[in-house]
Amino acid sequence: MSRHLVSLTVNGRKLSAEAPARMTLVDFLRDVLHLTGTHTGCEHGVCGACSVLLDGRPVRSCLIFAVQAEGSAVETVEGFAPDPETLSILQDAFWETHALQCGFCTPGMLIAARALLAQTLSPSDDEIREAIGGNLCRCTGYKQIVEAVLLAAERMRRSNEAGRGRG
Amino acid sequence: MKAVDFDYARAASIDETCRLLAGAKGEVKIIAGGQTLVPLLAMRLTRPALLVDINGIASLQGVETRDGAVSIRACTRQADALAHAEIRARLPLLAKALGFVGHAQTRNRGTVGGSLANADPSAEIGLACLALDCQIVARKDGGERVIPIGGFFLGPMTTALKPEECLTEIRLSPWRERGRIGTGFKEISIRRSDFALVAVSCQLVLGEDGVCRRLSLALGGVGPAPFRADEAAKRLTGTRLESRDIENAVASLQETIEPQSDLHVSADYRRRVTGALAARAIAEAHGEAMAGGA
Numbered sequence: 000m001s002r003h004l005v006s007l008t009v010n011g012r013k014l015s016a017e018a019p020a021r022m023t024l025v026d027f028l029r030d031v032l033h034l035t036g037t038h039t040g041c042e043h044g045v046c047g048a049c050s051v052l053l054d055g056r057p058v059r060s061c062l063i064f065a066v067q068a069e070g071s072a073v074e075t076v077e078g079f080a081p082d083p084e085t086l087s088i089l090q091d092a093f094w095e096t097h098a099l100q101c102g103f104c105t106p107g108m109l110i111a112a113r114a115l116l117a118q119t120l121s122p123s124d125d126e127i128r129e130a131i132g133g134n135l136c137r138c139t140g141y142k143q144i145v146e147a148v149l150l151a152a153e154r155m156r157r158s159n160e161a162g163r164g165r166g
Numbered sequence: 000m001k002a003v004d005f006d007y008a009r010a011a012s013i014d015e016t017c018r019l020l021a022g023a024k025g026e027v028k029i030i031a032g033g034q035t036l037v038p039l040l041a042m043r044l045t046r047p048a049l050l051v052d053i054n055g056i057a058s059l060q061g062v063e064t065r066d067g068a069v070s071i072r073a074c075t076r077q078a079d080a081l082a083h084a085e086i087r088a089r090l091p092l093l094a095k096a097l098g099f100v101g102h103a104q105t106r107n108r109g110t111v112g113g114s115l116a117n118a119d120p121s122a123e124i125g126l127a128c129l130a131l132d133c134q135i136v137a138r139k140d141g142g143e144r145v146i147p148i149g150g151f152f153l154g155p156m157t158t159a160l161k162p163e164e165c166l167t168e169i170r171l172s173p174w175r176e177r178g179r180i181g182t183g184f185k186e187i188s189i190r191r192s193d194f195a196l197v198a199v200s201c202q203l204v205l206g207e208d209g210v211c212r213r214l215s216l217a218l219g220g221v222g223p224a225p226f227r228a229d230e231a232a233k234r235l236t237g238t239r240l241e242s243r244d245i246e247n248a249v250a251s252l253q254e255t256i257e258p259q260s261d262l263h264v265s266a267d268y269r270r271r272v273t274g275a276l277a278a279r280a281i282a283e284a285h286g287e288a289m290a291g292g293a
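Residue numbers (numbering that gives the first Met the number 0), protein chains in the order written: chain Y, 0 to 166; chain P, 0 to 293.
Derived from the structure by calculation, the hints contain no laboratory data.
All C-beta atoms, glycine included, are put in the ideal place defined by N, C-alpha and C.
There could be a bad hint or two in this list.
Here are the computed lysine to aspartate or glutamate pairs in the DMTMM-like style, where the Cα-Cα straight-line distance is at most 20 Å [to be verified]: (1) K1/P / E17/Y; (2) K233/P / D193/P; (3) K142/Y / E95/Y; (4) K1/P / D30/Y; (5) K13/Y / E95/Y.
Here are a few chain Y residues that face chain P, going by a calculated C-beta distance under 7 Å [unchecked claim]: (6) S1; (7) H43; (8) R56; (9) V66.
Only chain Y is shown next, with the shape it has when bound in the complex (with noise of 0.2 Å):
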């Protein structure tokens, strides 16, 4: 029955807020912070809807009470993004090949498929189903999803060359 002020870092913004102790870190972000990107599935661990990054390491945030994550740099899909009006890099290939119907996991997938660039921009096939494996899609097969991700890697590799070249 204890509520706690916490805060924390979300997409790079420092905020504050109180939340009762049963209250969990996407119902925080989502009803407190009112940052919906983030999407509620299953509420129990399964389906990966509800993924971001905590401190740089994807987890499920259905499975933290807001009050643990107290002093910690949160990442939600909205963080993405770098304008209102352009996607990332990983966002377009999503729509370019099509890697969402209803969109309903594409958060978490877009979570997972960040962790996994940020550690290899040359993933195998298997090593992007084994990152996006604990998250469920029930639209798409997932093949278009492995082929986003590859997409968007080649085209981070890319731009990371160029970026060489210039500089």
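Put chain P on the given structure of chain Y with help from the hints.
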């Protein structure tokens, strides 16, 4: 699905955790990674009055090697244990089992001690710990004790830990038998990395002459708690692990187990699959040892 209301306390030390456990009015639960506990809370299968969060306690995190034994502190994340060079080098069976635990997202948060303390009958870490014969260290206000893993798991989600005890450390000693070590881990689940319907872990040592000097086999998903199949291990020790030896040991193993039916599969299915997976895990370990060993 939301947890019932509870109070929350962030413990700064093991001592404070023990004091909170000892002084609690009503049910109190420790929360570490929360990957087993939070689903139980969400489904309201557990309704503690107080959650004690041990995530911030530095002395509960990390892996260290002492006199050849590896000590894993309870709150070490499964992902960190999986990536740990000492664990990969000295405890290859545990490293193998950790790869089957949940998904990257749950391993990033879930802890080694939490998996043991919650005692899900199909959890993989306990299976590796059973085969390796580890020791569990538990602390309470005013004392510490060591529980051999053989007497730790009592039933589904039930262990020898008392309500006022906090699991602090898992101690694993690499085997000292001379020879080539091989490990095997096999499980069957509905989706890869989902909870295991049946899981088997095996570690063995082959002498230079190809004779099995020691073998350990542990089964999960087959009974109310994971257990070691010592009878089958005894039958195989001293043999050259030829197909006939494995078939005989597995056949008698299948006669002694008493698996249950549930929503997912029948008891008969579990019995058949236990036999097949045990044979495969032994063969995997044997092949690894023959190829040079870990």
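* **Hints breached by this structure** => Numbers 2 and 5, in rising order.
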